[in-house]
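Participant: Sequence:
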Amino acid sequence: MDEQEAVFMIERIYVKDISFESPNAPLSFVQTEAPTVDVGLNTTSNGVEGMDDLTEVTLTVTVKAKAGESTYFAVEVQQSGLFRIQNIPDEHMPALIAVHCPTILFPYAREVVADMVGRGGFQPLHLHPVNFEALYQQAQVQQQNYPTQ
Numbered sequence: 001m002d003e004q005e006a007v008f009m010i011e012r013i014y015v016k017d018i019s020f021e022s023p024n025a026p027l028s029f030v031q032t033e034a035p036t037v038d039v040g041l042n043t044t045s046n047g048v049e050g051m052d053d054l055t056e057v058t059l060t061v062t063v064k065a066k067a068g069e070s071t072y073f074a075v076e077v078q079q080s081g082l083f084r085i086q087n088i089p090d091e092h093m094p095a096l097i098a099v100h101c102p103t104i105l106f107p108y109a110r111e112v113v114a115d116m117v118g119r120g121g122f123q124p125l126h127l128h129p130v131n132f133e134a135l136y137q138q139a140q141v142q143q144q145n146y147p148t149q
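The working numbering puts the first residue of the sequence shown at 1, with every later residue one more than the last.
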């Protein structure tokens, strides 16, 4: 029996959507209270119509900086990648999509966030690296402990 070689290739990396808001500017530039920064991450994937071996994976990074009720800024970046995936066993696909693809996309999203925050008049915000494997394992444990019905 002739086994076909597994293929995992990046075809393209791109910004799918981007949003920056600074609703309290210019007052937020003179605030003395250090803001709290909340970061949210979400990964989605979709097949590409008519292209069975291409998968679009989108990492959404949401960052909000607030002090009390005052929002300094809010950024949302949808960093996408088009990946050619062939001959990968089905049992490996969830980890590939949830760990490997976002690990590739995150540095690009991180750069966009820093750039947008800087262009918004604030000190550039450099997000800390993310361990997507640990996040995936945590999600697996939670799913085992609290299965959906």
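Calculated from the structure, these hints are not laboratory results.
One or more hints might be untrue.
Said to hold, decoys possible - Pair ranges (Cβ atoms, derived): (1) Ser19 - Asn87: 34 to 40 Å; (2) Asn24 - Ala95: 40 to 46 Å; (3) Glu11 - Pro129: 35 to 41 Å; (4) Ser19 - Gln140: 16 to 22 Å; (5) Asp52 - Gln137: 14 to 20 Å; (6) Ala95 - Gln123: 21 to 27 Å; (7) Ala95 - Gly118: 30 to 36 Å; (8) Ala114 - Gly50: 15 to 21 Å; (9) Thr44 - Ala134: 18 to 24 Å; (10) Gln4 - Val39: 45 to 51 Å; (11) Asp90 - Gln123: 16 to 22 Å.
Beta carbons: idealized from backbone N, C-alpha and C, even for Gly.
Participant: Find the hints from earlier in the document that the structure breaks and name them by number, from lowest to highest.
Facilitator: Those not satisfied are hints 3, 4, 5, 6, 8, 10, 11.
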